[in-house]
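J.: Chain residues, written in single-letter form:
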Amino acid sequence: MASLVGSRVERKEDKRFLTGKGRYTADINLANQTYAIFVRSPHARASIKKINIDKALKSSGVVSILTGKEIADDKIGGLIAGWAIRSEDGTEMKCPGNPPLAKDNVNFVGDPVAVVIAESLAEAKEAAEKVEVDYKVLKAVTSTADAMNGDTIHEGIDKNLCFDWLLGDRQKVKEAFDKADKVISIDIINNRLIPNAMEPRACVADYNAASEEITLYTTSQNPHLSRLIMSAFGNVAPEHKLRVVAPDVGGGFGSKINVYNEDIVCSWAAKKINRAIKWVAERSESFLTDIHGRDHVTHAELAVTKDGKFLGFKNETIANLGAYARVFGTVTPTYLFGPCATGVYEIPAAYTNVKAVYTNTAPVDAYRGAGRPEATYTIERLVEKASMELGIDKTELRIKNFPTAFPFKQTLVHTVDSGDYVAGMEKAKQMADYKGFEARRKESEAKGKLRGIGVTSYFEACGIAPSAAVMSLGCGVGLWESAEVRFNPTGQVTVYTGSHSHGQSHQTTFAQIAADELGVPIENIDIVHGDTDKGTFGMGTYGSRSLAVGGIAIVNACKKIVEKGKRVTAKMLEANPEDVEFKDGEFVVSKSNKKKTIGEVAFACYLPGVRDEMKSPLPEGDEPGLKETSFYDPSNFSFPAGTHIAEVEIDPETGHVKLEKYTACDDFGRIINPMVVEGQVHGGLAQGIGQALYENAEYDETGQLMTGSYMDYTMPRADNFPEFNIGYTCTHATTNPLGVKGCGEAGAIAAPPTVMNAVIDALGGQEVTMPATAEKVWKACKNLKKSNAKAA
Amino acid sequence: MKDFNYHSAKDSKEASKLASSSSAFLAGGMTTIPSMKLGLATYKDLIDIKNIKKLSGIKVSGKSVTIGAATKHVEVSNSKDVKKAIPSLSSLAEGIGDPQVRNRGTIGGSIANNDPSADYPSACIALNAIIHTNERKIEAAKFFKGMFETALKKGELIEAIEFQIPEKSSYQKHPNPASRYAIVGVYVAKHKGDINVAVTGAKSCVYNDKEMSKALSGNFSSSSIDGMDLDSSEMNSDMHASADFRASLVVTQAKKAVDAC
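So the sequence lines, in the order shown, correspond to chains A and B. Going by the working numbering, the first residue of the first sequence is number 1013, and it counts up by one from there. Going by the working numbering, the first residue of the second sequence is number 6, and it counts up by one from there.
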């Protein structure tokens, strides 16, 4: 039987998605359901003086109106940060309370203060307009760079500072800088982004008064984790009385990791009114209240010798957390950022210092790449600048500082098990025709255009993550993953995974893995996820962990099935278990023609007897049935890496940047399904290029979101992109049995510096902030013209 | 969205009769419906004019192209007659919004709304259009009054737009990257007697740039306007483009348009 791993198996999920048969949360309607509308703060910062619901209560169709007071009276808990970070001085991070409905203060535009529940959506909306909230408006803090000088947002949190964190050794870095021939320094902004999943957030909560169970259908990347948080911290219901279902989910990109206010409020309120409640975000609510991403202000320096050896690295960053610290809010700018900030280079001394600040803006949390795009942008912009200042070819300078051997003990935290960065660079150069660039630059010049080329070499730590390691660093949970593999008596297989698919194609790729492990046709394998009532507890999908952690749990559970199958076969065929080999779905007694198919073995396990004989196929000690579970805790992160090369052409008259060529050469380890990986790379690149050229979440000084719709927030579109040139180098991970590394975030990590390095190259080294909009680039072109005229 | 009454008018007369101070005509609904959904506009009555047969269709004579008010953008962009008579008008229609908008939005709706960054108003100015309403004929130069403001009176309905066929013409736009409306759009048309340089997106309302028209009437070449320093004091300024950038883009797009003529 040919191996399915590595082949372009068509997606099992496409039929239902492409024919409109997907079942998303908003598709779910329950008998006698009500509709919720949230009353949200129109102010970025205010204290609530009074809420008057009298008029609204009289509005047609209103079932209930609940405010922060009721939720506090019922002792329902708030939203939490999942990772405890300690400051350089040893003090613990400072987090404000974040009640699901604000009671005393609101801290960003969109912060919910009340929920209106009515018989119809229109009636809920109408009534919500009649809720009168009397606010005392306070001065908002919105700037990342100035947040520490603003008014104190949360009582007791001085300078709006959550923590002041250090990773690395300042003294060693000082010594390295003292020895340097040259110091390259850079000031950069990592612009704030809004994830914009295609499906807006939604939830439907139901309560069964007889069983006292709450069922919550919600748009989550991790239903089990959501249940744990809602139960342990939200006090909504004990875990066994709370079922969380995340059915088809239309994209998350990190924005659906969090438990949100609406999940808690609707679950709590459904029990209170003893009816089902449905809430679906409008797009404008998504813009305002989904978690945002990035938003760093960074000063970084690189100490180098004159021949281009890197000696030391400094990174001073202010990270905006928004109004509250949420689940991955505090780890994103620390342990997901700092360790990767030295990039793919041997740098003997380094530190990263992050001051995480609160502002009156939407909470900032993990968004595709989470910390690693910010890290890669920092080091790769710096290395590109070093290449310009040292006059060393940008690819040569990088190669000169690549590690020469693996495992590569990276400066700050990670030990990278495998990779070949030089091979990746050489292949990328060839794919991009790096040598031919100067000729293309001249052609552009002849047309009056400016052409630039940009390079990025990146690595990322994903496949999160070894539980003991992350918990030692402050993580509130372990990051293992579970799988359960169940045979039916008639031989089909159901695989339950604790990870969640919201676009990642697990139904296909996980089935490919199980089909190879078990020798069962892929059509006979179902992948089940997304329901706390089905399968074992799992940690969910983020940080490119589903395959490298969840996939391995499936492999391990399959291996346990095979082990049992060998024992049962041996008993049935009167052989020694050690003599039974398993291949392509058959258990064969070696050096004989005796064999059993895995289907026969499964059947025997469920029907362990024979008519007229007192005989069991089960060896002593083995129970009936064929079902195995695995909880896999990885021994290390996984480390995808690669080199990307972009070429842009700029029209100096309009500032328009045209992305002419984009080459991505990635090392994702072993590839399960190349078609799915291409999709992941394309999507990541679209978002990464979007950050570089188009997307930007902008607040005004009063904290109003200026880019709150697609009229002003530039989502990239297909016609913004060239045909992507994608290739791979595959060095297998040595730390997991499949040799896989993860591919979901690579594009979003590598593309921003790649594109910006190309833009800045075209602009003669002038700094431009992301997104490189037409006007910014036009201004830079004018400056370039002036300075060229002077030089002439 | 608040409740409203829906009417489908069978002719202009009925449509006009149904109109009141709390009504709106509904053609493609590409602005009206989203405004109502967002609560920015509320109407008691929507009067659908799409079923009025007389309002749809394209007629080409030797001197002009006349397009019915309820004609969709896609119909204009696909029309062989328009492509032949005024290719720039066809390509303007092809560049409006996205396929969904082009399949619903109408020319009459676009000019009646007079969004400062809409495309069609510049075509009306550049192509010396005459706006035919159920009451009168209005020259384009007198039709567009200001931001979202036209010469139309309450209950007055656009029936058709008559464009003069130019010798040469071209429309060039620098789109807003998010909405793809024009940050600046310039429609240059060379007629037998005059040259129009109609600009949309740059100011609160579409206008004919006399300074550039004059420069081009001496020598119809992009070099005549190259480097022209336009007064930006009345230009729009927002997060997507400052007034100075817009002023520069007007010249750049005008040059492109002249070159493409």
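Warning: the hint list may mix true and false statements.
Below are the DSS-like pairs computed for lysine-lysine, each with C-alpha atoms no more than 25 Å apart in a straight line [what the hints assert, rightly or not]: (1) A:Lys1788 / B:Lys7; (2) B:Lys158 / B:Lys219; (3) B:Lys195 / B:Lys88; (4) B:Lys261 / A:Lys1461; (5) A:Lys1798 / B:Lys261; (6) B:Lys59 / B:Lys142; (7) A:Lys1070 / A:Lys1184; (8) B:Lys261 / A:Lys1459; (9) A:Lys1412 / A:Lys1439; (10) A:Lys1137 / B:Lys42; (11) B:Lys89 / B:Lys64; (12) A:Lys1070 / B:Lys215; (13) A:Lys1061 / A:Lys1184; (14) A:Lys1788 / B:Lys142; (15) A:Lys1791 / B:Lys208; (16) B:Lys59 / B:Lys85; (17) A:Lys1070 / B:Lys49; (18) A:Lys1070 / B:Lys42; (19) A:Lys1137 / A:Lys1070.
Hints were generated in silico from the structure; no laboratory data involved. Since the structure is predicted, the reported quantities are computational estimates derived from the model, not experimental observations.
J.: Does each hint hold? Answer for all of them.
T.: Right, here's what the structure says about each hint:
For the given pair, Lys1788 (chain A) sits about 42 Å from Lys7 (chain B) by alpha-carbon distance, which is inconsistent with the 25 Å threshold. A threshold of 25 Å between alpha carbons decides the hint, and for Lys158 (chain B) with Lys219 (chain B) the separation of about 33 Å lies outside it, so the pair is violated. Between Lys195 (chain B) and Lys88 (chain B) the CA atoms are separated by roughly 17 Å; this keeps the pair inside 25 Å, and the hint holds. Between Lys261 (chain B) and Lys1461 (chain A) the CA atoms are separated by roughly 15 Å; this keeps the pair inside 25 Å, and the hint holds.
With a C-alpha separation of about 23 Å, the suggested pairing of Lys1798 (chain A) with Lys261 (chain B) holds against the 25 Å cut-off. The suggested pairing of Lys59 (chain B) with Lys142 (chain B) holds, with an alpha-carbon distance near 16 Å, which does not exceed 25 Å. Between Lys1070 (chain A) and Lys1184 (chain A) the CA atoms are separated by roughly 69 Å; this puts the pair beyond 25 Å, and the hint is violated. Pair hint Lys261 (chain B) plus Lys1459 (chain A) holds up; C-alpha atoms about 14 Å apart against a cutoff of 25 Å.
Proposed proximity of Lys1412 (chain A) and Lys1439 (chain A) is supported: the alpha carbons are some 16 Å apart, at most 25 Å. The suggested pairing of Lys1137 (chain A) with Lys42 (chain B) holds, with an alpha-carbon distance near 12 Å, which does not exceed 25 Å. The straight-line distance between the Cα atoms of Lys89 (chain B) and Lys64 (chain B) is roughly 12 Å, inside the 25 Å bound, and the hint therefore holds. Between Lys1070 (chain A) and Lys215 (chain B), the direct Cα distance comes to roughly 60 Å. Violation of the 25 Å bound is thereby established for this hinted pair.
Proposed proximity of Lys1061 (chain A) and Lys1184 (chain A) is contradicted: the alpha carbons are some 53 Å apart, above 25 Å. Under the criterion of a C-alpha separation no larger than 25 Å, the hint pairing Lys1788 (chain A) with Lys142 (chain B) is inconsistent with the structure, at around 44 Å. About 21 Å separates the Cα atoms of Lys1791 (chain A) and Lys208 (chain B), which keeps this hinted pair within 25 Å; it holds. Proposed proximity of Lys59 (chain B) and Lys85 (chain B) is supported: the alpha carbons are some 20 Å apart, at most 25 Å.
Note on Lys1070 (chain A) and Lys49 (chain B): the hinted pairing holds, with a Cα-Cα distance of about 24 Å set against a maximum of 25 Å. A threshold of 25 Å between alpha carbons decides the hint, and for Lys1070 (chain A) with Lys42 (chain B) the separation of about 24 Å falls inside it, so the pair holds. Between the alpha carbons of Lys1137 (chain A) and Lys1070 (chain A) the distance comes to roughly 13 Å, so the proposed pair stays at or under 25 Å and holds.
Hint violations for this structure: numbers 1, 2, 7, 12, 13 and 14, all remaining hints satisfied.
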